[in-house]
Amino acid sequence: MFCDDTNRVYSRRDFLTRTSLGIGAVTLASFLNPLTASSQGTNLKANLDRSGLHFAPSAKRIIYLFQSGAPSQIDLFDHKPLLQKMHGQELPESVRQGQRLTGMTAGQTSFPLVGSPFSFAKHGQSGAWVSELMPHTAKIVDELCFIKSMYTEAINHDPAVTFIQSGSQFPGRPSMGAWVGYGLGTDNENLPAFVVLVTKDKFGQPLYARSWGNGFLPSEHQGVQFRAGKNPVLYLDNPPGVSADNRESQLAKLRSLQEIQFGELGDPEIQARIAQYEMAFRMQTSVPEIMNTANEPAYIYEMYGKDSRKPGTYAANCLLARRLAERGVKFIQLYHQGWDQHGNLPEDIRTQADETDQASAALIIDLKQRGLLEDTLVIWGGEFGRTNYSQGRLTSDNFGRDHHPNCYTLWMAGGGVKKGFTFGATDDFGYRIASDGVHIHDFQATILHLLGIDHERLTYKHQGRRFRLTDVHGEVVKSLLV
Amino acid sequence: MRFFDFLLLIFLLPACHTSLPEEVELAMANLPDEISYNFHIKPILSDRCYACHGPDEEARKGDLRLDLEEYAKKLRDSGNKAIVPHRSARSALAARIVSTDKEYQMPPPESKLNLLPHEKAMLIKWIDQGAKYEKHWSFISPKKPVVPAIPEKYTAINPVDNFLIAEMLNQGLTPSAQEGAERLLRRVYLDLTGLPPSISEVDAFIADQSPGAFENVVDRLLQSVSCAERLTMEWMDVARYADSHGLHADGWRNMWPWRDWVIEAFHSNMSYNQFVTEQLAGDLLPGADRDQIIATAFHRNHPMTAEGGVIDEEFRLEYVSDRTNTTATAFMGLTMECAKCHDHKFDPISQKNYYEFSAFFNNQRELGMTGDDGNFGPMLTLASSETEEKLTVMEKEIKDVDRQIRERKAELQKVEAYLQSLPPIDIDKNLAFYLPLEKVRTRQLEGSSQKVIDGNQKCTSNGDPKLVPGKVGQALEFDHEYDELYLADLGVMDVEKPLSIGIWIHTRKKMEGKTQVLIGNAGEKNTGWRGWDFYLDQDNRLNLRLIRSLPHNLLHVRAQDSVPLQQWVHVGFTYDGTGRASGSKMFVDGWQVQTMVEYDRLDKNIRTVRPGAHEEFERPLRVAKSYRAFTGDNGVFEGKIDELRIYHREASPLEMTAMAGQDPKALAAADRWTHIFLQDPSIRVLQRSRRQILSEIISISDSVPEIMVMEEMMQPRATFILDRGQYDAPLEEVQAKTPDEVLPYPSHLPSNRLGLATWLFDPQHPLTSRATVNRYWQMIFGRGIVKSANDLGNQGALPSHPDLLDWLAIEFRDNGWDVKALLKILVMSATYQQSSYTTPEQRGLDPENIYLSRSSSYRWPAEIIRDNALSASGLLVRKVGGPSVKPYQPDGLWIEKGSFSHVLLRYEPSSGEDLYRRSLYTFIKRTSPHPAMTVFDAPNRDVCTLTRETTNTPLQALVLLNDPQFVEAARVLAQRVQKHAHSDFDARAAYAFRLATGRHSTVEEIQVLKETFDEQLQSFQQNRKAASNLLAVGEHAMDSNLSVVETAAWTMVAGILLNHDEAYMKR
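Heads up: the sequence lines are chains A and B, in that order. Counting in the numbering used here, the final residue of the first sequence is number 482, and the numbers go up one at a time with none missing. Counting in the numbering used here, the final residue of the second sequence is number 1067, and the numbers go up one at a time with none missing.
Think of the hints as simulated: they come from the structure by calculation, not from any bench. Here the structure is a predicted model, which means the values were calculated and not measured. There may be inaccurate statements among the hints.
[As the list claims (entries may be wrong)] Some chain A residues well away from chain B (every beta-carbon gap over 12 Å; in silico):
1. S58
2. M86
3. Q89
4. S94
5. R96
6. K139
7. G204
8. N292
9. N295
10. A298
11. I300
12. R327
13. G371
14. K419
15. E475
[Unchecked claim] Within a straight-line C-alpha distance of at most 35 Å, the following computed DSBU-like cross-link-like pairs (lysine-lysine) qualify:
16. B/K399 to B/K497
17. B/K352 to B/K135
18. B/K514 to A/K85
19. A/K85 to B/K509
20. B/K979 to A/K253
21. B/K886 to A/K230
22. A/K230 to B/K514
23. A/K306 to A/K368
24. B/K886 to A/K200
25. A/K230 to A/K310
26. A/K230 to A/K60
27. B/K112 to B/K340
28. A/K253 to B/K1025
29. B/K340 to B/K143
30. A/K202 to B/K886
31. A/K230 to B/K1010
32. B/K509 to B/K471
33. A/K418 to A/K200
34. B/K466 to A/K85
35. B/K340 to A/K478
36. B/K1010 to A/K253
37. B/K74 to B/K737
38. B/K451 to A/K85
39. A/K478 to A/K419
40. B/K340 to B/K73
Beta carbons: idealized from backbone N, C-alpha and C, even for Gly.
Let the sequences and hints guide you as you build the complete structure.
This is the structure:
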């Protein structure tokens, strides 16, 4: 008779267990038994590793290809012949039903439907629809798991990005990658658990450090941005004139001093510091080693496309993502800006697709050929969808699409999701979800599930409340799982 | 639920006769005499039982709740009671927790929430003592506790020690020895001022053997401006201060005058109640002065959005919520946020309480969506006293001219001849622009076609307005949102320039929330909507706005009544260039109509600017559509327009009447006189000189900086409970009020922020003083007496020393809320002055150092670590206050995140002394804060933060080793030590050691430094180029008299010292 509540009860207990291993407030436990209260964990990682898992994971790491600005699902994956048929006609009020619009189009007096000007075809054995804009993705559809029925609550970029990245529309919460790092720790002592790669010199809707921030979690869980160029991690390079040898001998002496200090004070924190200096030193080697792709064979570059030779491009970052995955980085997040086609969509979306299509597909193929796809979950998608009607004037060769939170498409691959599978559907107008809606919190719950984490049990107490990525919502979408 | 009670009946009876399990009996012996509900029982119930028997109705099992006394003790359907006071043997709770029967046992074994034997014993003993429930401890007003006695052999300097030592002894701990002079001095300097002592200050302290030596230092430090800066640094986290807006574009804002106000407040040791009152409600204080209004910028520090397309009201309410949450957390350590969407799950705060509390902050005239950069109203101008004087003189001059105009008018009225004569009315005289709207011609222009109206090159359209029969000849019909007209090169309109418009309209539209702009040039959000517009609002009433910046710097009048629909109506206005709402009149069908003043505060120019760059340009007037975008209302006019007339002068009522085709003779005499006045040469001369003065005033005001502050609206805004916190789901209306559970709101207090501040400092208030002393305790000892400083509620931690907390709270309150006196008590205590060294045994007993049997050790905050490095090298510039500064940071971090903000597009490092200011002055851009600060756990100021994490990561090592700020500091420290009086290595190294760590080094340590120096010297001797490269880091000049190679080697030594434990750890 208590079965219904087992999870809820469990999560509290579980939290206490976890805190006694050293995270956050140990308030009640330590009050009840102060003599056995835990130490502020200097040995945090060892204790956390794996103990956070609540299921056997099907994915060990995530590569999240975040398409910032919100790609138009109608022009890429969600084929809507009706829109082509009704091109130019007003969006029927029976479809819109007073739906909230953004301030950008709410002032419009006319909402002409726009059929995609791009041709669609079915691909692969699974017969997934992909537009001509994504020829490479079209070739790997049998590896992909499409969700055509994503929906969100936010209608503007900042809140929507913040929502999908942190589970709340407003700043202050930890990002998804930070949660994962907090829950699972790291598989590589020489690299951060959460690495962020941003396409260089690509403008568009802003990015926010909070998207990979730690929120109220300890800052060790914040994403570390790896950059193209000389200094791949901020402050990683020795200052000019200081060679690796200079540094190594200097650090050896620093260690001697720290040991003298430890001898005097006996504070274990000093030893923890020494360990961090050592890891910093190792990172000075391991990070450039990862970033240096010179030894990748020519066929790899061909696969990822010519951009992949140019550091900082989306293609180069996809290649780096594979290298990071190989080395056990848990959460690798790419950001590619520029999908916000309010106007001039036909031309601009083509540029976006050209920049991302081949490399995204190559990443899947590459992971697969290395046997990594099995336990790496790859996610491709943005923060919301785009409208089926034109923002601004619909002309013979131009139009735009506004933000549309009701429905959009996102794909995943590997890591325990079904292959060659399409989940959910939108109505014929591409305006609403027709079946199997997947809310952002469901999506987040599912991702955590694939990593072996019960989203209701990965909590952190802050401001008198146990917070979690999915707030108080979220259902694992079981249909997506293998 | 029946099933549950049935079980209870079966199992309770045998349990009554069962004696307690042995381990519980044993635990019984070690319990305190008095079992406290709050401190002993509730933590158990809350953690193990509330999940199924707590406030959450949906999760509740067996219809039993243990959080409320009446439910826990009531007779249940089964005939049992969970708790029978004084009778554990008859209490089902007792029976079930000791039962070994898996079906009966509580908590159920599968929940894994098992109770420990001493917890079971505690519950049973509590029942036997009467099972007394209490309010949550922090909601009971503190009572001054008796200071416990301690054995004589322990030193108590003040009562803080008595409380702490008594508890240490309870825990089997003993205090540590007194800390040595050097560490103690450094500790107290860094705690109180954030800056290390100089070597001479250390030496003086070592030499001073007088009993009052330490106290003298403490007194001196508390009075220093550095101490004010240190306290400000802490308060900036609480106040979520930043130099950017935080959301979306994350553009620039100017709020540092508030930060300087805080420094000054701490420096003058303003009492804490005044400090808080001024920040919450300085504007409402009787005779509020400028500083008191600046203080209210506290509640404008929250993030704001400028994202195009957001719903204004949604975000405006979000800001109200932020103020609500911040007020509760910052001043009371109360988490009200949870009650925004539903009743609080753990604290007695209902959703209604939340919205009642939020009503205090819901009465500002403010925007939800602002522009990308800049401040937005309500604002306070910060003119220098010089400027203010100048303005006062000029305003007097204006009054003088106004008086002369009045006198001249009176004279004119007396001239009989004028009364009789009505000069000829020619509405086309002095006409700036006239558009009969008779012809539309298409012309090809660079590949696109454009319409030219009436053959007038100044009037074009890119759309397709149709010619239709009009009021006079043809008219233009607008039925599409892209049909608007542009009127270019008509001259720049400004505050001091008169303007009149007459136009025939025929409209049908009238839609909720939508306006129809007839004519204007007012821009969009990124220009602050600057310009003017004349439009029909959603009720088809005429509105005229002259806008500098919404929502606070504009002139706005509107007609009282709607214009008729579906017929030709002549509408117009006149504006006399006085900058006042009283200077405008509106006309419908030629007759002046009643107007209301919506807002009348315009003191800067309204010349149109380009978005972002804000450079002035003459934006064409638009007819039939606004320049607004992003807001959901594009001001599209639908209908017909005819006969547009624009005058760059104040047209007379007679002319307006004539324009509408009415008989001017029907006008009242006064209106006819106006026509005469306006044409009188001497009046025109006076008006010209008035305009000149006004224009000067405006141009001076234009350059005066402003700060965002709080300001009540004249008409209070209604506040509603919002269903699930949704902005568009208002439920019941509520009034401003505080939660009764905390402390009822006295009826004599006004229902505004000032009343709220008074309530906070009511002597009976259970939270304010506790939350504050706890926060300062945390600042000095590294963790609060209540560890969760931001949550003193049910889910927060319990105080480790409840009596001490109450003693301090009362001391603080009764001592006039004197923060520095409070700090003095803390740092003067023997406990504070202990050594941080401890034996492994003591450490094992209390690893978290909750009982403070040694001085607490932890990593210093980001700011202190950097300031220490700057200080050690001598680079630190001790300038107090002023705009935030930009020390070195890696290139490209701002632009890679966003390019919306024009002002904060690229991070351009400061130069000269601004590179070396204290870190609290470092510019904070919320979406991309200084990376070295973030790595050391500095928050990005999105939300009110009371406690920082103190993590330990490899990135921190990388910052201290490689960040140019630290490399330069090491390099300059290297130069400094080489100029030290002694030339031998050991003396120099010892000097460097003291500069970086504040203490003398040991022989062993100097030996390590010597080895470092030798190795590095050798390396640089082989590579002199490398040495000069290293010495080129940072802007500070290299001393050319010094050896490059040696300085490089010293730089590596200095680098070690800045990475030394004692450079960043509190010891």
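Violated hints, by number in ascending order, as checked against the structure | Numbers 7 and 22, in rising order.
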